[in-house]
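K.L.:
Next come the chains, spelled out residue by residue.
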Amino acid sequence: MIRLENLQKRFGRRVAVENLSLEIETGALFGLLGHNGAGKSTTIGMMLGQVIPDQGKVLIEGHDVQRERALALSHVGAIFETPSFYGYLSGRRNLEIFCSYSQPVSTREMNEVIELVRLGPRIDDPVQVYSHGMRQRLALAQALLPRPRALILDEPSEGLDPEGIYEMRELIRQLHRDFQLTILICSHLLAEVEQICPQVAIMRNGRLLFQGDWRSGSDPGRTLEHFYLQTVKGIEV
Amino acid sequence: MSLFARQLGFELLKLFARKRTWFGFGAFLGIEFLILLMLQMPRAQKMFRRSMVINGLDFSHYFSGLTLAYVMISYTVFVLGSLYLALVCGDIVSKEVEDGTMRMVLSRPVSRMRIILLKYATCVIYTWTLALFIVLSSLALGIADRGLGGLLVVAPWEHLFSYFEAGPGMERFVLATGLLCFILLTLSTLGFMFSCFNMKPASATILTLSVYIFDSVLHNVPYFENIKTYFLSYHMAMWTQVFQPTIDWSQIVNSLCYLGAFNLVFLGIGAFHFARRDFKS
Chain R
838 MIRLENLQKR
848 FGRRVAVENL
858 SLEIETGALF
868 GLLGHNGAGK
878 STTIGMMLGQ
888 VIPDQGKVLI
898 EGHDVQRERA
908 LALSHVGAIF
918 ETPSFYGYLS
928 GRRNLEIFCS
938 YSQPVSTREM
948 NEVIELVRLG
958 PRIDDPVQVY
968 SHGMRQRLAL
978 AQALLPRPRA
988 LILDEPSEGL
998 DPEGIYEMRE
1008 LIRQLHRDFQ
1018 LTILICSHLL
1028 AEVEQICPQV
1038 AIMRNGRLLF
1048 QGDWRSGSDP
1058 GRTLEHFYLQ
1068 TVKGIEV
Chain L
711 MSLFARQLGF
721 ELLKLFARKR
731 TWFGFGAFLG
741 IEFLILLMLQ
751 MPRAQKMFRR
761 SMVINGLDFS
771 HYFSGLTLAY
781 VMISYTVFVL
791 GSLYLALVCG
801 DIVSKEVEDG
811 TMRMVLSRPV
821 SRMRIILLKY
831 ATCVIYTWTL
841 ALFIVLSSLA
851 LGIADRGLGG
861 LLVVAPWEHL
871 FSYFEAGPGM
881 ERFVLATGLL
891 CFILLTLSTL
901 GFMFSCFNMK
911 PASATILTLS
921 VYIFDSVLHN
931 VPYFENIKTY
941 FLSYHMAMWT
951 QVFQPTIDWS
961 QIVNSLCYLG
971 AFNLVFLGIG
981 AFHFARRDFK
991 S
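Going down the list, the protein sequences come from chains R and L. Take 838 as the starting number for the first sequence in the numbering used here and just add one per residue. Take 711 as the starting number for the second sequence in the numbering used here and just add one per residue.
Quick caveat, the hints were computed from the structure, so don't treat them as lab data. Positions of the beta carbon are idealized from the N, C-alpha and C atoms, including for glycine. Heads up, a few of these hints could be off.
Unchecked claim - Facing chain R, according to a computed beta carbon distance under 8 Å, are these residues of chain L, among others:
1. Phe720
2. Arg728
3. Arg730
4. Val815
5. Ser821
Turn these sequences into a full structure, and let the hints steer you where they fit.
P.N.:
Structure below.
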């Protein structure tokens, strides 16, 4: 579904991502982990064609994101750490605007997604009066329109209260279960990723340290935090 | 094409739903009212009367709505126009980048070139709308105050002294409007180019205004008389030439080609930079 081949990106002298190769299979629930500045957001930026790699390529369903941007991104939805909208317009109008850059979406389809993210009663209010949690749900709604095959979620639970984190987690599970979406979650909330993703990739200083099923191994009782610290720092907890 | 039209419709909605987009229209209306009010003063009218009487023209006929409209436009269009065009067009890409909505747009299956074309088309429509508004509101206010009458155009620095009856005068206004639409686009494209760079919206606006003001200042320095044709503001002032008794079309076309080339270069640089830059939070 998503394949990264020898990706490299520098910002000035600083290497943000170095020789990163990664494969995310169709239908996977995949976590991308790493410390601040590990290169996670740059990697997601390159997946979505927002950051231009110095070397290597990203293939989504076989299409190169840089060369066949429209084809590659036609079945991908994404949300970012701090979702941004046109605050002076309503939630619905925002959805219409973002959808206009993809294929046309019917009113019925839009209403279904609005109901799915539980924004129905407030969708015609200006976004500037929305809470952070509502903005996050609106971001998820725009990522789901039109029906994607893959979701790329950059810190989807960032800034949410415990109830919001729980709702977001359940929504992600529901989307994976009901629509068989391939979901990539980029986060440093290890407890969240632990509950959702069996497959993870761990990055440090732009390099990939691990990719695979973090639960497989000698100790079935270990947490993702233990595994992460062991992988990144060699710390046995 | 229908998809492009739909996307353009939403770009215009985004632009015109913002209050600051309307500041320019309000400011022009305000200054036009002010000029009109001040032209009611006997001292101001005395100057008009003197220049008309010297040239054997009837004051009551030529101190008309058309003459007042010309005065209002000529004194405001570049001073205020540059400010509001720089504000809106300097904002159009950089504000979306700053707010983070550009990243949301760029996560969609849409090419960067299409985004640039949509944004630029929005700038063009805003510029033309503002130019039309400036001319129509000046004419409407002038005619409401003094009636149609004849048109007297006096601009010594442009070697311009002309007078027309109402019909030919209106025809010259139509030509001037078309030229203003094109000429003002140069300021918009300049602002748009800076907007595509990796800078804050305010910086793009200030840079646009700075370039225009530097150009205007240098263009008016007498020592640079020999090279004045290289300045943008020299060619932008060409709109007044349609009020000459005999229009020198070759001079106007020459200026339009010059400005057109600048527009293409500004747009090309902006698009090239936008296509190659990274968008990160």
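K.L.:
For every hint, state whether the structure bears it out.
P.N.:
Tested hints:
1. Phe720: holds, 5 Å
2. Arg728: holds, 6 Å
3. Arg730: violated, 10 Å
4. Val815: Constraint on Val815/L satisfied, holds at 6 Å.
5. Ser821: Holds, because the Cβ-Cβ distance from Ser821/L to chain R comes to roughly 6 Å (cut-off 8 Å).
When each numbered hint is compared with the structure, a violation occurs for hint 3 only.
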